[in-house]
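Peer 1: This is what each chain is made of:
Protein chains: 2
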Amino acid sequence: MKARPIYFFDEGDPSDRRLLGGKGAGLCEMTKMGLPVPPGFVITTEACRSYYASGQKLPHGLMAGVRKSMARLEERTGKTWGSRNNPLLISVRSGAAISMPGMMDTILNVGLNDSSVEGLAISSGSRRFAWDSYRRLVQLFGKVVFGVDDSLFEAALEEAKRASKVELDSQLDDIALRRLVARYKDIFSRHAGRAFPADATEQLELAIDAVFRSWRGERAVVYREKNGITDEVADGTAINVVTMVFGNRGPGSATGVVFTRNPGTGERRIFGEYLANAQGEDVVAGSRTPKPISELRKEMPKMHARLEETCKLLEAHFREPQDIEFTIESGSFYLLQTRGAKMNAAAMVKTSVDMVSEGMFDRKRAIMRLGADQLEQLLHPTISAAAARGARQLAAGIAASPGAATGVAVLDVGRAVSAAKAGKPVILVREETRPEDVPAFFSSVGILTSKGGKTSHAAVVARGMGKPCIVGASSMRIDPAARVCISGEARIREGDTITIDGNSGAVYAGPVETIAPRVTRDFKTILGWARSFKALGVRANADTPEAARAAREGGAEGIGLCRTERMFNERDRIGLFVDMIMAENEARRREILAKLEVLQRNDFVKILRAMDGRPVTIRLLDPPLHEFLPNPAEFGERMARLRKIKAKRKMEAERALQRRAADLAEVNPMMGHRGVRVGVTFPEIYEMQIRAVFEAAIALSKKRVRAVAQIMVPQVGSAAELLHVRAIYDRVAAEAEAKHKARPRISFGTMIEVVRAALTSGELARTAEFFSFGTNDLTQATFSFSREDAESKFLPEYIEKGLVSASPFQSIDEAGVGELMATSARAGRAARKGLEVGICGEHGGDPSSIMFCHGAGLDYVSASPHRIPIALVAAAQAALAGDSAPGGAPRRKKRGAARR
Amino acid sequence: MKARPIYFFDEGDPSDRRLLGGKGAGLCEMTKMGLPVPPGFVITTEACRSYYASGQKLPHGLMAGVRKSMARLEERTGKTWGSRNNPLLISVRSGAAISMPGMMDTILNVGLNDSSVEGLAISSGSRRFAWDSYRRLVQLFGKVVFGVDDSLFEAALEEAKRASKVELDSQLDDIALRRLVARYKDIFSRHAGRAFPADATEQLELAIDAVFRSWRGERAVVYREKNGITDEVADGTAINVVTMVFGNRGPGSATGVVFTRNPGTGERRIFGEYLANAQGEDVVAGSRTPKPISELRKEMPKMHARLEETCKLLEAHFREPQDIEFTIESGSFYLLQTRGAKMNAAAMVKTSVDMVSEGMFDRKRAIMRLGADQLEQLLHPTISAAAARGARQLAAGIAASPGAATGVAVLDVGRAVSAAKAGKPVILVREETRPEDVPAFFSSVGILTSKGGKTSHAAVVARGMGKPCIVGASSMRIDPAARVCISGEARIREGDTITIDGNSGAVYAGPVETIAPRVTRDFKTILGWARSFKALGVRANADTPEAARAAREGGAEGIGLCRTERMFNERDRIGLFVDMIMAENEARRREILAKLEVLQRNDFVKILRAMDGRPVTIRLLDPPLHEFLPNPAEFGERMARLRKIKAKRKMEAERALQRRAADLAEVNPMMGHRGVRVGVTFPEIYEMQIRAVFEAAIALSKKRVRAVAQIMVPQVGSAAELLHVRAIYDRVAAEAEAKHKARPRISFGTMIEVVRAALTSGELARTAEFFSFGTNDLTQATFSFSREDAESKFLPEYIEKGLVSASPFQSIDEAGVGELMATSARAGRAARKGLEVGICGEHGGDPSSIMFCHGAGLDYVSASPHRIPIALVAAAQAALAGDSAPGGAPRRKKRGAARR
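Taken in order, these protein sequences are the chains called A and B.
Counting with the working numbering, you get residues 204 to 1103 for the letters of the first sequence.
Counting with the working numbering, you get residues 204 to 1103 for the letters of the second sequence.
Everything labelled a hint here was simulated from the structure, so no lab data went into it.
Quantities reported herein were computed from a predicted structural model and do not represent experimental measurements.
Each hint should be verified, as a subset may be incorrect.
Since the list gives no way to pick one copy over another, a pair counts as held whenever it fits inside one copy or between any two copies.
DSBU-like cross-link-like pairs, simulated, lysine-lysine; straight-line CA separation at most 35 Å [said to hold, decoys possible]:
id, residue 1, residue 2
1, LYS944, LYS1004
2, LYS944, LYS809
3, LYS654, LYS627
4, LYS346, LYS727
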């Protein structure tokens, strides 16, 4: 059925936010609940789409419908539209499916003209109030509908105050205001090219056109781009035509905004502020300071009680904390808006737990309502509300990458690098950043820019690096020559200490106390619930015994990726490892490898012990050997120092290293001599590592410690490679068995990170007992994007131009990489029943990727230890989304769950 | 039906070479034709496989069958096995499905013992002959079956000659030989650990065991590895048991080898050599020099006529030139072997054309019998037979990469590079090569090694570079310290000029005249036939007007890849191009691009004109910009020179270049900021190129010259990228139309060289009118192999260890890359009817890849101009193989052919 273009608030279907807009849907819902909403109607987003489809013309018949609706509104309110006799006044408010605060236009007091203003004077009992309302209409209407420069009106207002010899707007009397209206109309007609429309319906028609037009206004378009709001989510704005109510009708009037629970803490108590005898505008104008809502209890105890009761009703109805606008007009209570409250992560977690215990909803909904991404806030340092209140805020921008950081402001890339080298924590402050600034990102603890949105270069790179970042702090003007940055009254000189809050977008002077992230009791409760719902296993990437212990404490169910090369980079071993690379022949290489084996075995013992029977996937050496070589001069020094030999030997060592480095140098190291390719050409390295795993497992089993090790081969592209390593594994296993009369069960598997491995997975699964998707490299190979190069050269521009919707290194590219993963998992399992399939790329900690992995039937995800909680919640959400998928068919069979 | 283990020559099915071996099948065929083959039988390769399957034991029942067969042989020959009375003697000859000359063992005169030797003396009428045959049996049997050191027998022979006071073996009389046999038996029993077996059947059993054993002898295994003979092609050897005939029974006896046509030229005349009154062994021993076969006409005119007649019969029967062994025993003519003659490419081409005109076979077979790869010989410089005869051969090895080259021998990598820099043509001579030697390959005109096979590092790298190469010239001993290389009597000092023939494996002293490659009349005939059969289009990769003209003359049906960046590297433009890269802003960049546009348009005009209406696929800029930057010092010089400015400006220019180079530098340039990614970030570059194509096409159309241009976008990974360039194309097309009132039909398509493009081809085909597979990059991405790094670091070892059967950069990897291609073509055509699909990677000139492309239903291949003839033949073979595929169903519909 085709939607009508207009719905009265008691007619619209509140569940259709896409049609009615968020605000409209809320007004309809509240009206249906019997709450006191001023009468009115919604013009739908569909009408807005027609408006654009027909070349920015109001759709045929719309105004006829509007006229009819206004007649109905007259009936309901008992007031008369555009008349002197108890005039009906309305506000015309935009409202898209997604809230875009302040981005589109709203016009108040529509319906006033020279005649109805007198009616308003009578019905309100205040001439001053009536003429002031009229003045405001002419100004706002001129500005919004005809683009008349606001400063012209402001100048006239100043002049009027001078003439009346008063200082404040509110001191102008009705006579002065009446004269000012005449002056305003004059300005209007001179700059709008027509007289101010006296006809109320003409006012309304022009206002509707202006609101529709504002949907594609520059501000709104930029906002949607910056916030990734696509046409699928919100296409066009609805318009709410609402009978005016006034919070400034005297002592019994007020207006305010309230949250049903504290959006910063989740505390169950209404939270907000109000102004007595005022309009919402007055808050914006700064002429009045709002009071906390608790004051209302003293000032208007009945109204406060009414408000509290309403909040409870709305929460019980929506089963979500609400964010409400209300107006009290001469003792009558009105609701002008309700919407789901935007809360920070801590508040979301607390309200989830509380509302379950209050019986508002069940644990499933408690999990589903959380933004898994938002939970990241809880895992970074944050600035407490108290500390923020005490700090001096210098500017505000868009919160682009979470976490808080304190450091010295540096306005130049080169100086940022040198300041960091000098040991200073640096906050890089730039108008915007460019690829050549990336080195400075590495040197900085946080990034602040005055331009750009959530997908700007700075935002994308900072998020990729996990560094706090604020972008688009547009009040700031940066003067690099003077090394200063000016924001309103404040100035930040280069070298000043500042603090940025990547969660809120606030920039503060000096250091501000931050709260270290910690898992609260409520969060623990949530994680417990998540664990009970999820199907996917959640493991951690950890390379050291310490990291393994931390991962286990964080709730990891195993280690999905233990990178053995990280162990070689430890201080006590890198020397040995370099000697191994420099060895003249295999015999010498084996000699050194024997020493490394002892160290590596000890690491494995500790890691396996820490995981106490949970699986540990140990990846054999992956990077190319040249990555381990120091610069030749350092190496020579070390040789000289360690072996107390002469300068000549030192130079020889340098030369040898240079030669070896030249031998090993590669054009494209990402796709070069690494992973299993090293295992094929220097089989003794893999042999050593495999033996170390066997020996570690045997040592633990002798001590009756449970140890479950898995050996994983990286960069495999063909079954032949895997068989080659398997032969080494078999030989080592046989030798270990002969020696110790014990055969630990150590499974043998492969990374799937080479495209060819994904394409030939059926064959690989004949040898591999498990697969683990290395989605970092798989993404690089699928796109032919070298990640480092892409992120510094062109990926930010790709995102900004909309060529990709998000970085494929952050969320799995389902059409390409995801397709390969699904094909691979399917073929692998067809070839080997019970093949274990997981993911250990960075995507393993990304909620939307976890959703994909669940759907693709993976057994587990492995994430960075600090993202384990996010992964747990995302895994639970994926499972619950599958359970409640429309049509009933879950995307995935619960095989993972069944197996455990 | 299970095969029997033994077939008499008149029983075996000659078409089953895999079962009977090549030699056995030939003997069976000739017997069935009624030709004079000595009676005998074949023990099958199946028996050999059973032998190995049961742990090197003769299969159960085999010897019973052999005994029965010997009884039948007695009947047929009227001779008696192992008896003094007209004894039956036999040879035991190996013979696998694939000829492996000299690699396995053969034993003659089996059946002689103290008793039968007397019978032989009577039947042959020569005691000396009988005892000499016996002596030879003991020696060969001792050596082959029991591994008795040959030199022990040789020493005894020398002693016998001393005792008899004679110089030649042939001067020993029967008494001395009888004594020598006793001595030989003594040696035998001492070193074999048992007495020489007197029982004929025991001799035969041991001989059979020895021949089977030799299949896995080291020599044979290495040969098969070096020549890529897998178990699929030949698994096990058959054994031929043949009644002995003797070419040394007096003046009416002879033995020889003959080709039915000249294997070097294809000339239709028998070609070969023979020895009168001798055995084949005598040739090997070097004691006699064979005479050309033409002499036989004078010496034994009847036998010569018989031979010619037999050759005709065999050719008529096999419909292929044959390579024949014959023996004349006292005026009786016997055939001992026939097989298809191995000929060089020129002879193959000539015989193909000749035999069609002789009515021997049709044009299809004429095409199918050619080795498309072998034709490469005709496209490289070659050494004429005459020149080779006149030259002094120093050594011989395995022909690993075709073509002939003359240069100075250099034994050291560093010196090779410096000699090349000094302008000398270098032949690199090494024991074997290693990755670090690759720079010297670039500096050399040819490579010669004393070790390694066809898949050794040297062979793989040289073939990849298209340089002549000989490997495994094992007679050579290289002494790098003395800078000399010794081969038998010959010495090659470093700096000596040598010539290598990569077609034959011969190494010659000094320069040897080479013949430039040219397409002969016969070859042209073949290419004409090929054109009539093929379904695939054959285009050329060409970047300049000259190359385009050459490609068209060579028979190219279009240009499948015209790389525009090559044009920027020309002397007169690289400066401008660098200026463009260095431009401070878009305006300056556009200014320079306008100049480049003029040059590029002129190139396009010339290329399109040269192709006269045939399609020309123009690829937009592909490499990363940094590839074009000169080294900063050079750039500064150029700036200084060109603009006559001061040293300070020169340094500024250098510094600017350094900065820009640092900006643009990449970690993995293969997967970096290149192709369409440059087109997205610097759209003005692509805009310029697209406009140049449009303007060129319009200019030609005004002159009524037919021009068919296709614009191709490189490195595309998503539909969004392609749409981005398409928008530029549409704008440029509209502008051109507005300006010239003409709209040339220029199609718009994409490379498929990024994995993601192959995976999302359905979407791409909505925008692309054609696909062209860039299999070089697609192979790199599918394997995660950077080609340069892989070929210099690990790919040769992969090939040697059997991890890949051939370099995936030479022949398409069907399981991985081929799978992606097939998926892509399928999805593309499903989305767009009539989508043109081709290939422009180097694989487009590789016969097995062309076969794959035909099967995958591609429309055309595009190859390097010099490989066009190979591509034509391979395309024809692919089409013909499809036509005659068993089961009748061609792998591909003839869509390409239908379209033209």
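Peer 1: All hints, please: hold or fail.
Peer 2: Each hint tested on the structure:
no. : hint              : verdict
1   : LYS944 to LYS1004 : between (63 Å within a copy, 33 Å between copies)
2   : LYS944 to LYS809  : within (23 Å within a copy, 78 Å between copies)
3   : LYS654 to LYS627  : within (25 Å within a copy, 60 Å between copies)
4   : LYS346 to LYS727  : neither (52 Å within a copy, 82 Å between copies)
Of the hints listed earlier, the one the structure fails to meet is number 4.
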